[in-house]
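These protein sequence lines map, in sequence, to chains A and B.
All residue numbers for the first sequence refer to our numbering, where the first residue is 6 and numbers rise by one.
All residue numbers for the second sequence refer to our numbering, where the first residue is 155 and numbers rise by one.
Don't read these hints as lab results, they were simulated from the structure.
Please note that the accuracy of each hint is not assured.
Claimed, not checked - Covered stretches of chain A, going by a simulated chain B footprint (3 or more residues, C-beta under 8 angstroms):
#1 119–126
#2 332–346
As the list claims (entries may be wrong) - Over 10 angstroms on every C-beta distance to chain B, these chain A residues come out as not near it, computed from the model:
#3 E99
#4 H141
#5 V360
For glycine and all other residues, C-beta sits at the position ideal for the given N, C-alpha and C.
Letter by letter, the chains look like this.
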Amino acid sequence: MRRHTIGIIILAGLFLTAGLLQAGAPTEKRLLLKNGHILPVTGPGFDGDILIVGTKIAKLGPGLAAEPGTEVIDLKGQWVMPGIIDSHSHIALEGSVNEMGDLITAEVDCLDILNPEDINIYYALTGGVTTIHTMHGSANPIGGKGIVLKLKWGASAADMVFAGAPRTIKWALGENPKQSNSYGIGKPRYPRSRMGVEASIRVEFEAAKDYMKAWQTYDQKVKAAQGKKDAVLPLPPRKDYRLEAIADILRGKYWIRCHAYQAEEMEAIIRLCKEYGVKLACFEHGLEGYRITNELAANHVAVSTFADFWAYKWEAYNTMPQSAALMARRGVLVGLNSDDAERMRRLFFDAAKTVRFGGLTETEALKTITINPAIILGVDRWTGSLEAGKDADIAVFSRHPLDPYTVCQMTIVDGKVYFDRAKYLDERAKAEEAKKKSAEAPKLKDKKD
Amino acid sequence: MAKRILSAGPVLLCLVFVLTAAGSLGSDEALHRVWAVKDCRIVSPGRPDVAKATVVIRDGLIEAAGPAVTVPADAEVIDGSKLTLHPGFIDGLGQSLLKLPEEKFDQMKFYTGEFTDKDRGLTPELRAFDYVALGKATLEKYHKLGLTAAHVLPQKGILTGQGAFFSLSSDDKNKALLVKDTWLGLGFSPSTFSVYPSSLMGVVALMRQEFNDVTYFAMQRNRWRKELRGIARPVHNALYESLIDYASGEKPVVFLCGNQYDIRRSLELGAELKLNYLICDLSGEAQLVLPELKQAKARVLCAVSFKAPATSIRSQLGKAEKEKAEKEFYPKSPARLAEAGIPFAFSSLGTDDPKSFLDGVQKAIDAGLSRSKAIEALTVTPATFLGLDKALATVDPGKVANLVLVEGDPLAKEPKVKYVFADGQQFDFSKPKIAEGEKPTVNVSGRWELNLPEAGLKMTLDLTQEEANLSGKLTTPFGVFDFTGGTVSGNQLYFEMNLSLGGQDIDLYFSATVTGDSMAGSVVQGTQGSSEFTAKRIPG
């Protein structure tokens, strides 16, 4: 015990020395956003400034002073909100987002196919989005593993991965895994009913339990054989990456993101998860969620939904634009998602619709695209609101973000400006000018028609 | 189907017999086996040029090379005083010599769902050796550009197949073979059917599972052989059997990478699965992964088509940006690899023929790659990758006599290759062939009736001529055969094809003189013999 304490003191000493040494090194970059209407989302709004040091928000308040060496951006009364978070998308991936070849494909991983050069990342930044969850499609009852990204345009895939964010796994219920929306030729795939979808998950859970047991038995046999002469060591079970992933779901390693539309199938899957003791993080779309708000709230299952997008297939008929607001008011954690590269750029419009249709307050509405999806993704410690100590993920708008005429002007991720509309327009004008000039210049060769 | 082959059999045999009986061309073996190239300049990678030297070639090998070498009495002497001698170039990885049988896709599979491993892209038992086609005209195309060895690998699918390395010395692949079952190809192209894996992420997952399964199979088998009791023996699995050496790292695999992300994936998979791997960069994006390649001590094959992959931002900003990148950015990759000290060889994957392959190499040189590095990437490096650096790629006594004698620059756009030695066999290009290189004075495009009187056969010939290039097909009673190559110069035609029928592999070489709407010439079957034919244009 005593040695332990001394160890800690020595460690602390080293730490301090390192800190003193570092004081001589160049300090972290400081950026001061001045004169904005600040909407922290988790606290009351105010007019003032935000000081960013390095990748973090250091201070918020009116009249912050700029130390020498601080870069200052005068926002001149523009609106500042936390960077928008889209907790359901399929961008920045290479190849198909669905592994259609099998029913259960828990072994496939979006991390293996990230494409940081997808132009949709930049488009998303133009709409104030700073964090996304990109995921497997909804073709399979248990699809692949998803990943949370920070939209650091220009960075490598590895650098975009949100450090510390829990890994997710995609599930899907209803028409999509039934494949009733695909009319192609071919042999129909099991399952063709909602019962079958649920059963296919149950069957896989049982297989994974057997798989875990086989490994347990093996470990026990190895232990028993140790030290014994002439003991034949048992063969280990074959490593099955699919069952390995399902076993990890049972062990609670993945946050389950379950695509579902109808109330009764959501209830059924809540029951199934309870039975196996796994945590269901969130229903995707969940258009009938307003019908089972008590069950959702009691079981702490969030819903990531649309504002007013429905009736595109029969299982999406029974909803209304008040749905998100109704769920939120009854204590369900609600986020709005895009599921689409284009809608991703205007999630703030979708948030405004919850005010217009559902009567949410402006702050409640903004939460559906910031702190709520951050909680759904397990990254609210770092992002989702403007607070000292959190990552400097910030979106600046020309007007209030819920104003129909608002335009996103600037997007900051981890303290770095990744989108600046004024600068972008300036660069574009210059590029067009240069293009014009080169077109006007006399052509020396290559006269083709 | 079986009936058709049976009925075609006698006809085919008849044709072969007629060709064989028509007389011998004269065997290569009867010719000189000893040559001395006098007073040539030697360019050998990794060492200074020798201005004036003599090189002696005997029985397939380099016997002696240097300024003080004396000419043996039994040697045929070649005056090399105006010539440069360099080790023959090697195509590090290609598939244009591969002739895979065309198979019709069975549409019923969509209804039955009974897809095969082949439909899934799993063809590790596909061996390049079994399907390589080394016609005389094909060899000539390679020789004329200074290429004397080629590594062939099937490119399609996920576990694409196994390579074979050939010395381009003979149309008999048994003679030409250097190494069989060299590397296993690993591609990132998912199946286009609704069958696992149908997505890129599925492909990656499958590779992990597959190699683990093979390792597991090998472990289970070895344990069983050792213990014999107390352990269940594994079920025989031919697929796993063919993969064991690759999974254990004993033999290399090559990842066929379409973009920088494929390269990154390969580095991770290679390390994770402990594979002995090489990276084939099909796009020119290896230059974007230099630190990672360097750290992994990766060996790279550079393809030279330099097309921007769809994932690249350079492809997403419009046609002009894409074309600019393909011209200015992508060809820089080999030069950047050279600067970073990463070993690389050139690969012809993505190009159609040896000409476009070497044109691509030229692009890399224009983009900043030094000529000496380019020559290394065409000689020593591929030979090293394939484990034959002791046998090939420099001008040293004891090595295989794969040598090229060229007037001027070996890497010129149209190199003036005068002599090629492959396995010590001489191929002479010093005297221009009759009408060789002449502009075509005829246009033979269209349908012709070909008459082979000795076999009593009339067949249909479809010709397509584009300037000097000739392609087409021959419709026979026993099948339709595409040309494997063809040229027109002046009023002379030349074309060749390969007949794979009834387990027989027969090369046919046609040459003819065209007069108006008729032609007359001869067809040579392999090295067996020749037979006269005529053809008449079918009007319309």
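Results of checking the hints against the structure:
Three residues within the 8 angstroms Cβ limit are the bar, and the segment 119–126 of chain A against chain B gives 5, so the coverage statement holds. Requiring three or more residues with a Cβ within less than 8 angstroms of a Cβ of chain B, the coverage given for the segment 332–346 of chain A is violated, as only 0 such residues are present. The beta carbon of E99(A) sits about 6 angstroms from the closest Cβ of chain B, which is not more than 10 angstroms, so the claim that it is off the interface is violated. The beta carbon of H141(A) sits about 8 angstroms from the closest Cβ of chain B, which is not more than 10 angstroms, so the claim that it is off the interface is violated.
With a cut of 10 angstroms on Cβ distances, V360(A) stays outside the contact zone with chain B, its closest approach being about 35 angstroms.
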